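If you read the protein sequences in the order shown, they are chains V and X. Those letters in the first sequence? Residues 1366 to 1726, per this note's numbering, in order. Those letters in the second sequence? Residues 1366 to 1726, per this note's numbering, in order.
If you are wondering where the hints come from, they were derived from the structure by calculation, not from laboratory data. Predicted, not measured: the structure shown is a model, and the values here were computed from it. Please note: incorrect hints may appear among the correct ones.
Not everything, but these chain V residues come out facing chain X in the computed CB check (under 8 Å) [stated by the list, open to error]: (1) Leu1454; (2) Thr1482; (3) Tyr1483; (4) Gln1484; (5) Arg1485; (6) Gly1486; (7) Lys1507; (8) Ala1509; (9) His1512; (10) Leu1514; (11) Met1518; (12) Ile1519; (13) Gly1520.
With beta-carbon atoms standing in for the labels, derived distance ranges [as the list claims (entries may be wrong)]: (14) V:Pro1412 / X:Lys1700: 46 to 56 Å; (15) V:Arg1713 / X:Arg1367: 47 to 57 Å; (16) V:Gln1439 / X:Ala1571: 54 to 64 Å; (17) X:Met1366 / V:Leu1514: 33 to 43 Å; (18) V:Pro1539 / X:Ser1461: 39 to 49 Å; (19) X:Gly1455 / V:Asp1576: 45 to 55 Å; (20) V:Glu1375 / X:Gly1455: 35 to 45 Å; (21) X:Gly1437 / V:Arg1713: 45 to 55 Å; (22) X:Pro1539 / V:Gly1437: 47 to 57 Å; (23) V:Leu1373 / X:Asp1715: 36 to 46 Å.
Some chain X residues close to chain V (C-beta under 7 Å, calculated; not the full set) [to be verified]: (24) Leu1514; (25) Ala1521; (26) Phe1522.
Heads up, the beta-carbon is just placed ideally off N, CA and C, and yes, glycines get one too.
There are 2 protein chains.
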Amino acid sequence: MRTLNVALGERSYPIHIGRGLIDRPELILDALKAPRVAIISNETVAPLYMARVAEPLEAAGVKVTRVVLPDGEQYKSWESLNLIFDALLGARCERSTTLIALGGGVVGDMVGFAAATYQRGVPFIQIPTTLLSQVDSSVGGKTAINHPLGKNMIGAFYQPKLVLADIATLDTLPARELSAGLAEVIKYGLIRDLPFFEWLEAHLPALVARDPEALIEAVERSCANKAEVVAADETEQGVRATLNLGHTFGHAIEAGMGYGVWLHGEAVAAGAMMAAELSRRLGWLDAEQLARIERIHLQARLPVRGPDLGADRYLELMAHDKKVEDGKLRLVLLKAVGEAVIHGGAGRGDILAAIEARQGD
Amino acid sequence: MRTLNVALGERSYPIHIGRGLIDRPELILDALKAPRVAIISNETVAPLYMARVAEPLEAAGVKVTRVVLPDGEQYKSWESLNLIFDALLGARCERSTTLIALGGGVVGDMVGFAAATYQRGVPFIQIPTTLLSQVDSSVGGKTAINHPLGKNMIGAFYQPKLVLADIATLDTLPARELSAGLAEVIKYGLIRDLPFFEWLEAHLPALVARDPEALIEAVERSCANKAEVVAADETEQGVRATLNLGHTFGHAIEAGMGYGVWLHGEAVAAGAMMAAELSRRLGWLDAEQLARIERIHLQARLPVRGPDLGADRYLELMAHDKKVEDGKLRLVLLKAVGEAVIHGGAGRGDILAAIEARQGD
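Generate coordinates for the entire structure from the input sequences, incorporating the hints supplied.
Following this line, the structure appears as structure tokens:
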């Protein structure tokens, strides 16, 4: 087991990474405020892991409330959140009850937001079971639900007490979701860690083949990158925004296609290619660097073009993004492979051209 | 104008108290991050004050979005909160938009929660227009909405940037609501400030007659008491809970009668009498002190008995309160007039007897 610390003063917490952590209840027991938890999962993950997490805790004297939500990005909604609140209130869960998020990013984001707002805040633990949530959404305390007019529009910054990233849970992950997770892994290399990017270029075949050692290394280096950025800028006043490489374009893809049609990581991959294309048009990347970025995404079996929504429609959807300030679209672009920059000065024409070049088959 | 500072480190903020503050747009302008606000009010308050707040800001170049909600505790719900989110997203309000809560405690709590969660947090300003919200809900950063299974069950701790308590807005307040506000004013004397309690005994006739100087003094001393408590314990790990004197009984009254039938302050007054009665049974108060507490509530034209719900029903409703820990009911009781204590050791029989003695006509 490897352990990383996310350094946020009194809100600091550890991330444990390894195989079989889900079967070590003492890791959870040590973090509880009271012997009372609610484990929240979804219909896909609960049959695989709910009993394995819940039963050893019960055997240790913890009262466990189980909540199973429908599975899918389209359920990252107020209605699902309310299912959590109904269950917590129905079981008379108190302020000392710890919520445990058992699942991917959707479960993690919703349970985190439920923990941030139930009785004005209760402790929570993340057990991410997808690569995406292990390397991204379980680190940094962003919690949210979607609103019909925008993704992640309602949420809070709220840190977990503990994250258990059990690589063994990736054994059951569909290949498409593994690839989607790799999109965020590649992103860390692209925005701030050239040596990691080079390591990924060499190890992507091993990652796609789910080699445990390669996965542990990729998860740890991803989390370490994210933890450093988050520690420097918890509430995204500055550098944290670079983690959104590809996300403004990507959110337009997800919203334009209907949430859940493209996986988040797939949309981020295509979005990162649009950002790279725009960076090339601004003279920061050359054609060879662009090809290198495309190559690594293809190695990860990710899309390198977005759907054909029409470039104007992309822009319209992007204007709803949280990264807008004083009406100006601020984009994360690349000065080089391994160096991101936040840029509000790209012209409408260049942005449209970059989208145009990277949409459709 | 008098100014109090709520000392919470980097989340510190000023409370301005005086007559006519609503007509001083510079107080608001100085606190804005960007020239963009959304003013959220209700159907009762908006016709009186919305234009007076909005128009001078617009004249100064601020873009203003107006949101008017239905009036009443029963609308302190997810549905109303969503009306705010819909309006903010519809008007493309960004992270730098400041939300302004213009109204009483319901508006303040909901707008505060909207500010805490819209795009994971935007700045907000409180302009409380009731005595209750001036002395209580606008100080301390508790924000929330109700859930069908419990009051204020979903919320966050989130501090405003500024509070403007304009005593002139109390001119239009119904007498019943003025009295309800006095319940919280009296509470500060009861729990921690005997000199203020004695001042109130002398000045309640002036307060009921809305004497401006008396009101300014009462609001300032109430806010100062609350600000001290909140600064010592922002997230209610300890002493802040004493502010809930009468609230656990009071929430049972509000829930048992249906939210909005009894005003919050009325329920708190009857609840404080139940807490005082229980304190007498525990030997902490004598009959004369109990009578003194009853007298001041009667001077303020407040109820000193709760509705006849049946004592068992009270207890059942109280068990849903957030002040429950490990299944144990923790009550705020009085060691003396001016000294509250948090006590988890009252027996079921004593609690039932205290309720019994103070319910029904």
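We went through each hint and held it up to the structure:
Annotation: leucine 1454 (chain V) was flagged as interfacial toward chain X, and the flag holds, the nearest CB pair being 4 Å apart, inside 8 Å. About 5 Å separates the beta-carbon of threonine 1482 (chain V) from the nearest beta-carbon of chain X, less than 8 Å, and the hint is met. The restraint placing tyrosine 1483 (chain V) at the interface with chain X holds, with a minimum CB-CB distance near 7 Å, inside the 8 Å limit. Taken as an interface hint, glutamine 1484 (chain V) checks out: its beta carbon lies about 5 Å from the nearest beta carbon of chain X, inside 8 Å.
With a least beta-carbon distance of about 5 Å to chain X, the hint placing arginine 1485 (chain V) at the interface is held under the 8 Å criterion. Checking glycine 1486 (chain V) against chain X by beta carbon gives a least distance of about 7 Å; that is within 8 Å, so the hint holds. For lysine 1507 (chain V), the suggested interface contact is upheld, since its CB lies about 7 Å from the closest CB of chain X, less than 8 Å. Interface hint status for alanine 1509 (chain V): upheld, as the beta-carbon distance to the closest one in chain X is roughly 7 Å, under 8 Å.
For histidine 1512 (chain V), the suggested interface contact is upheld, since its CB lies about 6 Å from the closest CB of chain X, less than 8 Å. Because the closest C-beta pair between leucine 1514 (chain V) and chain X is about 4 Å apart, less than 8 Å, the hint holds. Satisfaction of the interface hint for methionine 1518 (chain V) is found here, the shortest Cβ-Cβ separation to chain X being roughly 6 Å, below the 8 Å cut-off. With its C-beta approaching chain X no nearer than about 5 Å, isoleucine 1519 (chain V) sits inside the 8 Å limit, and its interface hint holds.
Interface restraint check for glycine 1520 (chain V): the shortest CB-CB distance to chain X comes to about 5 Å, inside 8 Å, so the restraint holds. One distance hint, 46 to 56 Å for the beta-carbon pair proline 1412 (chain V) and lysine 1700 (chain X), holds here, with the actual separation near 54 Å. With their beta carbons about 51 Å apart, arginine 1713 (chain V) and arginine 1367 (chain X) fall inside the hinted range of 47 to 57 Å. Roughly 59 Å separates the CB atoms of glutamine 1439 (chain V) and alanine 1571 (chain X), a value that falls within the hinted 54 to 64 Å.
Between methionine 1366 (chain X) and leucine 1514 (chain V) the C-beta distance comes to about 40 Å, which sits within the given range of 33 to 43 Å. Judged by the Cβ atoms, the range 39 to 49 Å given for proline 1539 (chain V) and serine 1461 (chain X) holds: they are separated by roughly 40 Å. Distance hint for glycine 1455 (chain X) and aspartate 1576 (chain V): a CB-CB separation of about 49 Å, consistent with the stated range 45 to 55 Å. Look at glutamate 1375 (chain V) against glycine 1455 (chain X): about 38 Å separates their beta carbons, and that is inside 35 to 45 Å.
One distance hint, 45 to 55 Å for the beta-carbon pair glycine 1437 (chain X) and arginine 1713 (chain V), holds here, with the actual separation near 46 Å. Take proline 1539 (chain X) and glycine 1437 (chain V): their Cβ atoms lie about 49 Å apart, and the range 47 to 57 Å holds. The hinted range of 36 to 46 Å is satisfied by leucine 1373 (chain V) and aspartate 1715 (chain X), whose Cβ atoms lie roughly 44 Å apart. With 7 Å as the threshold, the beta carbon of leucine 1514 (chain X) comes within range of chain V, its nearest partner Cβ sitting at about 4 Å, so the hint holds.
With a least beta-carbon distance of about 6 Å to chain V, the hint placing alanine 1521 (chain X) at the interface is held under the 7 Å criterion. Among the interface hints, the one on phenylalanine 1522 (chain X) holds; its C-beta lies about 6 Å from the nearest C-beta in chain V, closer than the 7 Å criterion.
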